[in-house]
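Participant: In the order they appear, the protein sequences are chains A and B.
Here the first sequence stands for residues 1 to 341, numbered as in my numbering.
Here the second sequence stands for residues 1 to 586, numbered as in my numbering.
The set of hints was computed from the structure by calculation and includes no laboratory data.
Don't take every hint at face value.
Unchecked claim - Computed cross-link-like contacts, EDC-like style, restricted to lysine to aspartate or glutamate with a CA-CA straight-line distance of at most 16 Å:
| hint | chain 1 | residue 1 | chain 2 | residue 2 |
| --- | --- | --- | --- | --- |
| 1 | B | Lys221 | B | Asp40 |
| 2 | B | Lys245 | A | Asp173 |
| 3 | A | Lys41 | B | Asp243 |
| 4 | B | Lys92 | B | Glu523 |
| 5 | A | Lys93 | B | Asp243 |
| 6 | B | Lys245 | A | Glu50 |
| 7 | A | Lys90 | B | Glu223 |
| 8 | A | Lys41 | B | Asp501 |
| 9 | A | Lys41 | B | Asp38 |
| 10 | A | Lys41 | B | Glu523 |
| 11 | B | Lys265 | A | Glu171 |
| 12 | A | Lys90 | B | Asp229 |
| 13 | A | Lys90 | B | Asp243 |
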Amino acid sequence: MLAFILRRFALLPFVGLGVTILLFGLLQFLTPEMRASLYVKDPRQLSAMEEVIRRYHLRDPFPVQYGVWLKQLLKGDLGYSETAKMPVEKAVKAFFPATLELAVFSFLPILFLGVWLGTQAAVKKDKWLDHLSRFLAITGYSLPSFVLGLLLLMIFYGQLKLLPPGRFSLETDLLIHTDKFQQYTGLLLVDSLLNRNLSVFWDILKHLILPAFTLCYINVALLVRITRSSMLEEINKDYVRTARAKGLEESVVINKHARKNALIPVITLSSLLFVGILGGVVITETVFNYPGIGRWGVTAASQLDVPGVMGFALLYACLFVLGNLGADLLYAYVDPRIRLK
Amino acid sequence: MKTLASFVLLASSLQPLTPVAWGQVKNPDTYTYLTISDLDSLDPAYSYDTASHMVILNVYEALLTYKGSSTEILEPMIATKVPSIANGLLSKDGKTYTFPIRKGVKFHDGTPLTPEDVKYSLMRFMLQDRVAGPSSLLLEPILAHPNTRDENGNILDVTFKEADQAIQVKGDNVAIHLKHPFAPFMTVLAQWGPVLNKKWAIANGDWDGTEATWKKYNNPKKESSPFFDRANGTGPFMLERWDKKNKETVLIRNDSYWRKPARLKRVLIKGVDEFATRKLMLQAGDADAIYADWPAYSQLQNIPGIQIIENLWSIEMNPVAYFTFKINQVANPDIGTGKLDGQGIPPDFFSDRDVRKGFAHAFDYEGYIRDVFRGKGIRATGCIPKTLPGYNPKQKNYTFDMKKAEEHFKKAWNGEVWAKGFKFTLSYNSGNVPRQNLCQIIKRSVESLNPKFKIDVRPIQWSTFLDLYKSSKLPVFIIGWQADFPDPHNFAFPMMHSKGDYPSTQKYKNPAVDRLIDQAVRETSMAKRKALYAKVLEVEYEDVPHLTILDASRYRPQRSWVKGWYFNPIFPDSPWGGYYYPLWKE
Numbered sequence: 001m002l003a004f005i006l007r008r009f010a011l012l013p014f015v016g017l018g019v020t021i022l023l024f025g026l027l028q029f030l031t032p033e034m035r036a037s038l039y040v041k042d043p044r045q046l047s048a049m050e051e052v053i054r055r056y057h058l059r060d061p062f063p064v065q066y067g068v069w070l071k072q073l074l075k076g077d078l079g080y081s082e083t084a085k086m087p088v089e090k091a092v093k094a095f096f097p098a099t100l101e102l103a104v105f106s107f108l109p110i111l112f113l114g115v116w117l118g119t120q121a122a123v124k125k126d127k128w129l130d131h132l133s134r135f136l137a138i139t140g141y142s143l144p145s146f147v148l149g150l151l152l153l154m155i156f157y158g159q160l161k162l163l164p165p166g167r168f169s170l171e172t173d174l175l176i177h178t179d180k181f182q183q184y185t186g187l188l189l190v191d192s193l194l195n196r197n198l199s200v201f202w203d204i205l206k207h208l209i210l211p212a213f214t215l216c217y218i219n220v221a222l223l224v225r226i227t228r229s230s231m232l233e234e235i236n237k238d239y240v241r242t243a244r245a246k247g248l249e250e251s252v253v254i255n256k257h258a259r260k261n262a263l264i265p266v267i268t269l270s271s272l273l274f275v276g277i278l279g280g281v282v283i284t285e286t287v288f289n290y291p292g293i294g295r296w297g298v299t300a301a302s303q304l305d306v307p308g309v310m311g312f313a314l315l316y317a318c319l320f321v322l323g324n325l326g327a328d329l330l331y332a333y334v335d336p337r338i339r340l341k
Numbered sequence: 001m002k003t004l005a006s007f008v009l010l011a012s013s014l015q016p017l018t019p020v021a022w023g024q025v026k027n028p029d030t031y032t033y034l035t036i037s038d039l040d041s042l043d044p045a046y047s048y049d050t051a052s053h054m055v056i057l058n059v060y061e062a063l064l065t066y067k068g069s070s071t072e073i074l075e076p077m078i079a080t081k082v083p084s085i086a087n088g089l090l091s092k093d094g095k096t097y098t099f100p101i102r103k104g105v106k107f108h109d110g111t112p113l114t115p116e117d118v119k120y121s122l123m124r125f126m127l128q129d130r131v132a133g134p135s136s137l138l139l140e141p142i143l144a145h146p147n148t149r150d151e152n153g154n155i156l157d158v159t160f161k162e163a164d165q166a167i168q169v170k171g172d173n174v175a176i177h178l179k180h181p182f183a184p185f186m187t188v189l190a191q192w193g194p195v196l197n198k199k200w201a202i203a204n205g206d207w208d209g210t211e212a213t214w215k216k217y218n219n220p221k222k223e224s225s226p227f228f229d230r231a232n233g234t235g236p237f238m239l240e241r242w243d244k245k246n247k248e249t250v251l252i253r254n255d256s257y258w259r260k261p262a263r264l265k266r267v268l269i270k271g272v273d274e275f276a277t278r279k280l281m282l283q284a285g286d287a288d289a290i291y292a293d294w295p296a297y298s299q300l301q302n303i304p305g306i307q308i309i310e311n312l313w314s315i316e317m318n319p320v321a322y323f324t325f326k327i328n329q330v331a332n333p334d335i336g337t338g339k340l341d342g343q344g345i346p347p348d349f350f351s352d353r354d355v356r357k358g359f360a361h362a363f364d365y366e367g368y369i370r371d372v373f374r375g376k377g378i379r380a381t382g383c384i385p386k387t388l389p390g391y392n393p394k395q396k397n398y399t400f401d402m403k404k405a406e407e408h409f410k411k412a413w414n415g416e417v418w419a420k421g422f423k424f425t426l427s428y429n430s431g432n433v434p435r436q437n438l439c440q441i442i443k444r445s446v447e448s449l450n451p452k453f454k455i456d457v458r459p460i461q462w463s464t465f466l467d468l469y470k471s472s473k474l475p476v477f478i479i480g481w482q483a484d485f486p487d488p489h490n491f492a493f494p495m496m497h498s499k500g501d502y503p504s505t506q507k508y509k510n511p512a513v514d515r516l517i518d519q520a521v522r523e524t525s526m527a528k529r530k531a532l533y534a535k536v537l538e539v540e541y542e543d544v545p546h547l548t549i550l551d552a553s554r555y556r557p558q559r560s561w562v563k564g565w566y567f568n569p570i571f572p573d574s575p576w577g578g579y580y581y582p583l584w585k586e
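Okay, chain B solo, but in the shape it has when bound (with noise of 0.2 Å):
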């Protein structure tokens, strides 16, 4: 009996699951987000991914925040207060911040936070500066140096001093002393290095923030930190779990938050690899948002209970294609002879600018955004995405004129190059399609000039891509640049200075372009900061180091049930993920 009990009480959930009737709203309290990505650490000072920082902006706080969609107005979190030299809490060399630190907030574990915790976890996010991690964009900014350790790996003796001396806790207030001027200063610290819990840190064995023992923790193993995988933040969120096995982390409601507690009660982020699972998934209502890129759109198109917001530009540049001027030639087959004889490259090859201009002329950029990204996007005007200050709408690019390209062409080399041709490898990192269709219309369009024109397309893993951009030994690389924080520096810098991190690779440099981005970055006026790099637009084109190509934006399925979301670019996993405070489901 007992048995046939239990066979009926199977039987009886054998069940369709709930369908979502219309105006259903499936799971109310509890947000589900499913995601591509996997977290790397939940240690502020350690990860460097978006998949991680989107959980940390919703656990942990910072000084400062941007405010709504906003990239450039900030609004004070943890401080009280945005410094400005009108309210006499930015000094007027630029130099000097003063932060009124909140009074009332409280991290998860129910401890009062103080000046002497923000100071804290400014001090360890640029202290203990992991290889490859993200501390140097505090350590930039604050001690005028990239990072903790010499070429060879030895720890600076006078980090600690200079950290200690720089950030100090005056009263209620965190002063924070710079070397130089650094306008966007701001931007960075509502971005990175937000408050940890002194205290709870020290007692779960992590760095006792003194001078004696700060070596110990610099460059650590990811999982030592007691930050890695447990969060004590003041967010409004905290974090129930990371569950590696299942992919999933689980953030529930802070009801002790200092601003009125969040509505939704839990929110689940998934990794579901599949595309036809994440929308399947969305479509039964288990979802409530999904990562989906473009090859995807028309999947998503007409389903009812969907929402595809769309329009949304992205703080990237992505992809650009980068000339390398000085290519290394040792073992590499990328170059052919490494000559110009028609059957290879020399090594300076793209250091003539005709080569480079006829490359630009030579891209059918209209069509490429047309086709590839639906005609989401629009034409990159340089290497400032329209979604910050210093973009020129009117600034000159490049246009898809076949003759002009042959013109370049026919000059380039003193017109060795029209008269013997040339041969290289056009490499991308394989499975990336957008790149790859790159590749292939260059191909097309630079073949079709010259019957000697020749270029072979190949696709490399990242791996190999590492290995060959590392030696310079790609002629042409094709890569993209997120922003780190919402700044015309954060992208003139890399790819245009010649110690940002692609020119020095390319061994591109131009003393002018430099001293206009360093002196940009100084100037405390947005006003003169957009004329420097108007100019550094002009150099650009002149120049021409790389082809940028598009400002694309991208679109967020979700849940027509999914209220109260703001789309702001500079939110960790936007438009997909991003912060949840505001949201609910109705």
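With the rest of the complex left out, here is chain A (with noise of 0.2 Å):
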């Protein structure tokens, strides 16, 4: 199992050297000039744009470019990021954790109500909560997820007041920033807990439900059909009838049997959604004003700040790669007729 998780690991330079290449690639189709609107935002600075792509090398040729960023990410260097308006390491490190935050505190309720569902919807086959969860499926799939996260902000902070948008309310930001509160790991619901300061850990709380329940609702929908058709094929099949003619009660026919040999696919789309909330859930942190790094790659791509977006990409591509590591490993553990090998 080691060899396999270092040779996974192994893979991780190739995956992001291949992501950064076509990236950067795909940027040289951009002209200096285009690439020059990066520093260049106001009328007042047209007059400048010559000396702008001059003193950025962007009429370099994309070898030099690239070598010269590769050269610096080798002595630990991402360079800096226009956008974020700090160097890359800091950006991923200061964006990330709010995005890990609200990654875990929307994914965990989708994992267990998109599993839970599934399966009832699948047992209960054309019974109402079959239904509930077909209407819950396509309204949830279907809903825009800026109209979803607009809604629940009107109703629920335009109208009762109570889950106000952002990640901290104004009596929290000012203590988080004096010398009474530790920042230990940037997830503010861990170092509240760990300062044990109550009032910051339900503060952090409350601004979180309303984007987590967004992203849930959108989210889930997607689980639930896969947990369902998969589970759909498991119990007809004939182990299943053989463990119900052998007198097993049927809550451990499904939950035991048919629902781990269900899960392989389930794993395979949990382990995407994870890694695609945690690259970043643009227009929820847009709509709650949620400071998460999906805001800043959208940002660092659409002004060209290469070194953002090339730092955003290699972030992804290590994602991507522990979540595919993540399900392999889960793979073989609900199912130990696959082997790691």
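Using the hints, put the two chains back together into the complex; each one sits in its own frame.
Facilitator: Encoded structure:
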């Protein structure tokens, strides 16, 4: 197993190299003047465009530009992100914890609700629970996240004044930036517990509820449908009939036998969903003014912030490899017939 | 039991956020402004964007400032007097300004401000000269050349000596000698080149103020400056933090301010991109003022506790449609065949005045102002906005008249335009609705004149715009101009002078108008300047190098508990952001 894990990690530099060469190559299709838009944002700066191009070596050939970036990378320097206004390493450290917090907080309900509802929908096929799950899946999948997010915000913040946007309130904002609060991990829920500050914990939690619910409602749909169809396939197989004939309790048949075997596609989808949320959920982050990594990634891409885009791509490549690795390990756990070779 | 107690504590806090009761002020000491702009750098010599300069305005101070809402009347700030010929602080030739420096002013770290700090700050502002930065605003009037590097990027050797001689400390005064008289010089100084703490700068690794090292600090990397995300000014607020992650800047009151300390204890400037979120936060009282544009106007009306302040005239010309007199035809699909054959236009198509006049008469200005700007603007009379001296409300400008448009198109190119027709592409930067509407109105009107007239309208990204603009490939380009300083020169030069930002790309040159603009900027009498700018506007009307459309007004949504706010259009990010010193909440 260790060799398998190491092999996966060894793949990482190649994935990163491939992704960055591809991105760098694509960016070369844009003219230097287009790439200068990162630095020339105002009509008053138009006359200095040629100097900008020279200053940032935008006319250098592709291998030279990529070589410079790669050389920097090997020294541990990912460059400076104009859009984040900080070095790329710092930007990742700054934005990722907020997204991780949101991802974990939304993914756990997605996973549990998706698997449970999918299982129940299969077992109680064409009963009311199945219809309900179908209704939730269709509405969730077809509802644009900005519509749901804004509606939730209007009701729970605009009307009920319960759940505000952002990551924290003014009081928490002022407190967590003093010496009285130590930010150990950047995950403010964890940090507030480590600081033994329940009011901060609750404030952070309140700000997480709506974006997490939005993500959960929209993403759970797919998991419910996949679990349901996978379960339907399993419960019609011979070994399930045999288990029932042996007189096993229905809950054991479903939960221990059928569901375990139905989990393979669920694991694949879950890992992709989790990596997707970790990679940033731009619209949800924008609507709720949540300072996550997705907003930065999109801003960097739209403003042609090359170091920012490269840093984001590398992070995403790492997450993708790790997500796949996690899925592979889980496959072997739920189905011992799968060997990690 | 402990768990239960914790649960009860948590449950008890699940109560609605304190609703804003009638007359109750939320966070009375803290003013929160929600914007869509990010800061670029807090280094006054580096940043050239309104968001950064809005913070700089509150943290640093310049020699002079604008008096209240006026953009013409100046009052002293770090200087104790406004130089004039009458008080003897401005030489009769208009080239030497003497500023007596105020005593008892301290930087936020407690260091007293000295005339040497003033000289250092102005020198640094000029000599840092980052590419596409604001340094030319002082370089041009003081040293009479716009940058410190030649066309190949090599640093000019003489610049330090020139600057050192131009700015001199004489006892408690700082004297500035200009190469030529530059009438708007003091309005530039009131906006650019605030005073920094020299000792603090050097101690934190910045330029030491000597000739030996200045080149090392020329055109620096943004993040290398100690002033990038820290500040040590003399202003009414101190920078508590610039939280780049949460897009939030926090200012805290300077209790040792040389004037009476501000009434607000803290100012929060927060980036919130989504309008609906900004509106909800304003409604809930979690924000005191927000950025909002005209499309959002109706959504902010009649909300209890929210006040809309209207008719705030901006100092800008936006949008303006510029004609390119000599279009670059290399690999340029925007001009079709490149010939006047009905399937394209020749590269010099717009060099014919009748073509330009045809376009000028074929645009429904009033309809555009009414429908796109909700009637909150007036027809521009030329390149000088109504808020500036030199604006002439009686100056003739083109009216929507399809008959006249037809006459001009029939005359253009000896009748060939009318007989053969034309086709070209009109581009606007994607996402800009007013510019999109402008293009569509031009297309509809002009095409309705003659079935042989064809205009394609195309949205392009800003990056693509830059590419095409730089190479003069856009037959007509739509863009705006916002004031650097409140003076007609800041509009006449970039929009009409052959060396200005736009005419140099359009390849428009009229030596007579160049002379008028050069003369006006050196003239010290405002009456004579106004007369010269009036002539510039007349030439503009005759030459039609561009179509100015409207003088636009803006509005400001704020909580009605915000008091003391006044509008000065030259304040950065005005009317939403601005100067926080006079504000309080009640």
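Participant: Hints first: check each against the structure and report whether it holds.
Facilitator: Okay, the hints, checked on the actual structure:
Of the pairs offered as hints, the one joining Lys221 of chain B and Asp40 of chain B holds, with about 12 Å between alpha carbons and a cut-off of 16 Å not exceeded. For a cut-off of 16 Å, the pair hint linking Lys245 of chain B to Asp173 of chain A stands: about 13 Å separates their Cα positions. Annotation: proposed proximity of Lys41 of chain A to Asp243 of chain B is violated, straight-line Cα distance about 22 Å (limit 16 Å). Straight-line distance between C-alpha atoms of Lys92 of chain B and Glu523 of chain B comes to about 12 Å, which keeps the hinted pair within the 16 Å bound.
Of the pairs offered as hints, the one joining Lys93 of chain A and Asp243 of chain B holds, with about 14 Å between alpha carbons and a cut-off of 16 Å not exceeded. Between Lys245 of chain B and Glu50 of chain A the alpha-carbon distance is near 31 Å, which puts this suggested pair outside the 16 Å criterion. The hinted pair formed by Lys90 of chain A and Glu223 of chain B meets the criterion: a straight-line CA distance of about 13 Å does not exceed 16 Å. In summary, the hint linking Lys41 of chain A to Asp501 of chain B is supported, as the alpha carbons are separated by about 14 Å, within the 16 Å threshold.
With a C-alpha separation of about 12 Å, the suggested pair Lys41 of chain A and Asp38 of chain B falls inside the 16 Å cut-off, and the hint holds. Between Lys41 of chain A and Glu523 of chain B the CA atoms are separated by roughly 33 Å; this puts the pair beyond 16 Å, and the hint is violated. With a C-alpha separation of about 14 Å, the suggested pair Lys265 of chain B and Glu171 of chain A falls inside the 16 Å cut-off, and the hint holds. Under the criterion of a C-alpha separation no larger than 16 Å, the hint pairing Lys90 of chain A with Asp229 of chain B is consistent with the structure, at around 14 Å.
Of the pairs offered as hints, the one joining Lys90 of chain A and Asp243 of chain B holds, with about 12 Å between alpha carbons and a cut-off of 16 Å not exceeded.
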